[in-house]
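> Protein chains in written order, with the UniProt record's numbering: chain E, 1 to 213; chain C, 1 to 316.
Source of the hints: derived by calculation from the structure; they are not laboratory data.
Every residue, glycine too, gets a C-beta built ideally from N, C-alpha and C.
Heads up, a few of these hints could be off.
[Claimed, not checked] Result set (DMTMM-like, lysine to aspartate or glutamate): computed pairs, CA atoms no more than 25 Å apart in a straight line:
#, chain 1, residue 1, chain 2, residue 2
1, C, 225, C, 60
2, C, 315, E, 114
3, C, 39, E, 60
4, C, 2, E, 62
[To be verified] Some chain E residues well away from chain C (every beta-carbon gap over 10 Å; in silico):
#, residue
5, 59
6, 78
7, 83
8, 123
9, 137
10, 139
11, 157
12, 167
13, 178
14, 181
15, 195
16, 208
17, 209
18, 210
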Amino acid sequence: MEASNLKLSRRELLVMSAASATMMAMPAVAAAQSASAGRARPPVNAPVALRVNGHLHELELDTRSSLLDVLRERLQLGGTKKGCDHGQCGACTVLVNGRRINSCLTLAVMHQGDEITTIEGLGTPQRLHPLQAAFVRHDGYQCGYCTPGQICSAVGMLAEIEAGVPSHVSADLEARPLLSAAEIRERMSGNLCRCGAYANIVDAITDVAEGKA
Amino acid sequence: MKSFTYEKAQSPAEAAAAAARIPDARFIAGGTNLLDLMKLEVETPAHLIDVNGLALDRLEPLPDGGLRVGALVRNTDLAADARVRRDYPVLARALLAGASGQLRNKATTAGNLLQRTRCPYFYDTNQPCNKRVPGSGCSALEGFSRPLALIGVSRTCIASHPSDMAVAMRLLDAGVETVKADGSRRVIPIADFHRLPGDTPQHESALAPGELVTAVSLPPPLGGKHYYRKVRDRASYAFALVSVAAVVQPDGSGRVALGGVAPRPWRLESAEAALPLGARAVTEQLLAGATPTQQNAFKIPLVQRTLSAVLAEAKG
Ligand SMILES: Cc1cc2nc3c(=O)[nH]c(=O)nc-3n(C[C@H](O)[C@H](O)[C@H](O)COP(=O)(O)OP(=O)(O)OC[C@H]3O[C@@H](n4cnc5c(N)ncnc54)[C@H](O)[C@@H]3O)c2cc1C
Ligand code: SF4
Ligand code: FES
Ligand code: FES
Numbered sequence: 001m002e003a004s005n006l007k008l009s010r011r012e013l014l015v016m017s018a019a020s021a022t023m024m025a026m027p028a029v030a031a032a033q034s035a036s037a038g039r040a041r042p043p044v045n046a047p048v049a050l051r052v053n054g055h056l057h058e059l060e061l062d063t064r065s066s067l068l069d070v071l072r073e074r075l076q077l078g079g080t081k082k083g084c085d086h087g088q089c090g091a092c093t094v095l096v097n098g099r100r101i102n103s104c105l106t107l108a109v110m111h112q113g114d115e116i117t118t119i120e121g122l123g124t125p126q127r128l129h130p131l132q133a134a135f136v137r138h139d140g141y142q143c144g145y146c147t148p149g150q151i152c153s154a155v156g157m158l159a160e161i162e163a164g165v166p167s168h169v170s171a172d173l174e175a176r177p178l179l180s181a182a183e184i185r186e187r188m189s190g191n192l193c194r195c196g197a198y199a200n201i202v203d204a205i206t207d208v209a210e211g212k213a
Numbered sequence: 001m002k003s004f005t006y007e008k009a010q011s012p013a014e015a016a017a018a019a020a021r022i023p024d025a026r027f028i029a030g031g032t033n034l035l036d037l038m039k040l041e042v043e044t045p046a047h048l049i050d051v052n053g054l055a056l057d058r059l060e061p062l063p064d065g066g067l068r069v070g071a072l073v074r075n076t077d078l079a080a081d082a083r084v085r086r087d088y089p090v091l092a093r094a095l096l097a098g099a100s101g102q103l104r105n106k107a108t109t110a111g112n113l114l115q116r117t118r119c120p121y122f123y124d125t126n127q128p129c130n131k132r133v134p135g136s137g138c139s140a141l142e143g144f145s146r147p148l149a150l151i152g153v154s155r156t157c158i159a160s161h162p163s164d165m166a167v168a169m170r171l172l173d174a175g176v177e178t179v180k181a182d183g184s185r186r187v188i189p190i191a192d193f194h195r196l197p198g199d200t201p202q203h204e205s206a207l208a209p210g211e212l213v214t215a216v217s218l219p220p221p222l223g224g225k226h227y228y229r230k231v232r233d234r235a236s237y238a239f240a241l242v243s244v245a246a247v248v249q250p251d252g253s254g255r256v257a258l259g260g261v262a263p264r265p266w267r268l269e270s271a272e273a274a275l276p277l278g279a280r281a282v283t284e285q286l287l288a289g290a291t292p293t294q295q296n297a298f299k300i301p302l303v304q305r306t307l308s309a310v311l312a313e314a315k316g
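Can you make the complete structure from the sequences, with help from the hints?
Have a look at this one:
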């Protein structure tokens with residue numbers, strides 16, 4: 001009985017993913033259901049000053065622009081990656097005022113005055129950030145697509161541990177969080193790696209967290 | 001995504017008035033749910049009111065010993081607050097069981113309460129869905145209903161409420177503080193905040209047009225042992241199939257609320273009297289009258305087993 005349940009849900013899942021693939025390809029179908037359908041809305045621009053990796057950029061942006069798209073397409077900072085564009089993979093992780101967020105699920109116009117740091121701002125090929133060096137040393141990647149997001153996320157995550165933020169796997173909510181592999185895995189669960197480099201990613205982060213890097 | 005005009009709100013009352021006055025206006029807080037839905041054109045606001053600049057990101061003690069949580073306090077900050085960890089651990093646990101570190105850094109208290117269902121047909125604009133297009137039909141009834149609700153539902157909609165945090169808020173009997181478009185203020189008990197679908201599944205909360213959530217107030221701490229046990233398809237970063245929030249007192253009395261089974265956090269105070277009798281008795285009362293689909297009937301024994309595990313731990 002349990003097995004047939006599983007089979008059913010698997011088949012249904014396949015149907016579902018086919019449906020969502022169609023949806024991604026033809027978002028225009030949705031227009032029919034817009035409450036204000038009938039009149040097309042012209043694009044709206046707004047001025048925004050974005051401070052990215054210490055440089056101020058005065059931009060005129062379509063209000064719809066995600067922070068991710070502006071970083072990649074307007075500022076040519078291609079290190080930050082787009083995986084899912086829906087908050088599900090972590091490839092777009094950047095630091096805003098030192099905190100890690102998904103840059104795909106935030107509007108650029110909402111970040112006037114914020115201090116934004118991307119992978120390009122963490123280190124350079126000549127002067128790697130300790131986490132970048134540790135990822136290289138531990139082979140913390142294969143294709144590398146998720147890596148900038150993993151590294152920005154790890155920087156934010158270590159700061160959260162430092163600040164005493166607990167996690168789902170912390171046994172004692174009031175104690176200082178441990179630096180265990182279980183903690184790092186849970187706290188990094190918002191960063192998927194399609195190549196499955198997880199074991200080496202955890203090793204790289206552990207090295208830096210323990211001050212070995 | 002449809003284009004929209006954008007403004008930064010200047011004060012809570014002005015934000016509420018603007019939201020009621022401007023056609024198709026929506027508040028945006030963390031944006032983690034609204035923007036996701038706007039990209040798919042499930043939501044198509046013509047105007048966004050950014051409430052992030054309003055000073056609603058504070059936690060303050062209340063004279064009665066409770067705690068007021070600003071509407072814009074981020075999920076990370078709420079879970080990390082020393083008072084929440086000490087006095088309301090069920091809330092900290094529920095928050096930490098949800099989403100990812102990155103998302104919790106953006107997600108706000110009000111946005112989390114008002115996040116919309118993860119029903120796959122609600123997300124898919126090619127499919128009928130009464131919540132998205134009233135009167136178009138419910139694709140889930142005969143479709144993929146495994147993650148959806150089995151109690152409090154109607155023939156029009158069986159969507160489940162996806163929030164973990166809201167389940168803990170319901171357990172704690174929080175109050176949702178708001179300001180309306182005319183500037184008046186009120187407190188909505190969390191038990192009345194989320195609406196059941198009935199014939200109008202598009203109306204999900206008790207909020208009036210334009211009404212802005214300003215804070216959520218927590219009553220004085222309950223003491224006892226706190227649990228938030230979430231069962232999901234993978235160990236992290238997934239929505240609940242079912243979840244059990246519980247506070248158990250030394251004498252065996254307590255409170256129980258469920259997530260993943262209903263269109264809102266599910267709690268029946270009357271069922272809690274059965275706690276000393278065990279998980280089976282409580283589950284029977286909590287889920288009496290449930291109308292599961294073939295695909296989600298497994299949630300009934302799953303609730304009972306999860307509650308049973310929680311009660312065993314509370315005894316131990
Ligand atoms: C990949 C992924 C996984 C997730 N997993 C989980 C999970 O496991 N558990 C869980 O509980 N959640 C999960 N979430 C959902 C997440 O918790 C919500 O997206 C988040 O809490 C919404 O908060 P926000 O501030 O970003 O809301 P927004 O997106 O800004 O707003 C959401 C809604 O609330 C309204 N709103 C916002 N603020 C106010 C206000 N002050 N007054 C009135 N209305 C307001 C907005 O108009 C909008 O309709 C997940 C999300 C993603 C993308
Ligand atoms: S369950 Fe509700 S949200 Fe899902 S398809 Fe049916 S009407 Fe839409
Ligand atoms: S691209 Fe932002 S989370 Fe996947
Ligand atoms: S290294 Fe390829 S996705 Fe992570």
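> Please confirm whether residue 210(E) is truly not at the interface, meaning its C-beta sits more than 10 Å away from all C-beta atoms of chain C.
20 Å, holds
> For the pair we were handed, residue 2(C) and residue 62(E), check the Cα-Cα distance against 25 Å.
11 Å, holds
> Given the proposed pairing of residue 39(C) with residue 60(E), does the C-alpha separation stay at or below 25 Å?
21 Å, holds
> Please check whether the beta-carbon of residue 167(E) is more than 10 Å away from every beta-carbon in chain C.
6 Å, violated
> With a cut-off of 25 Å on the C-alpha distance, tell me whether residue 315(C) and residue 114(E) pass.
Roughly 49 Å separates the two Cα atoms, so the pair is violated.
> At 10 Å, judged by beta carbons, does residue 123(E) keep clear of chain C as stated?
20 Å, holds
> Does the claim that residue 178(E) lies outside the interface with chain C hold up, using a Cβ gap greater than 10 Å?
15 Å, holds
> Please confirm whether residue 209(E) is truly not at the interface, meaning its C-beta sits more than 10 Å away from all C-beta atoms of chain C.
Given a closest Cβ separation of 15 Å, the condition holds.
> Would the non-interface assignment of residue 139(E) survive a Cβ cutoff of 10 Å against chain C?
24 Å, holds
> Is the nearest CB of chain C more than 10 Å from the CB of residue 157(E)?
6 Å, violated
> Keeping to a limit of 25 Å between CA atoms, is the pair of residue 225(C) and residue 60(C) held or broken?
Measuring from Cα to Cα gives roughly 24 Å; hence the hint holds.
> For residue 78(E), is the shortest CB-to-CB distance to chain C above 10 Å, so the non-interface label stands?
Consistent with the label, residue 78(E) stays out of reach of chain C, its closest Cβ about 20 Å off (over 10 Å).
Taken one by one, the earlier hints fail for this structure at numbers 2, 11, 12, listed in ascending order.
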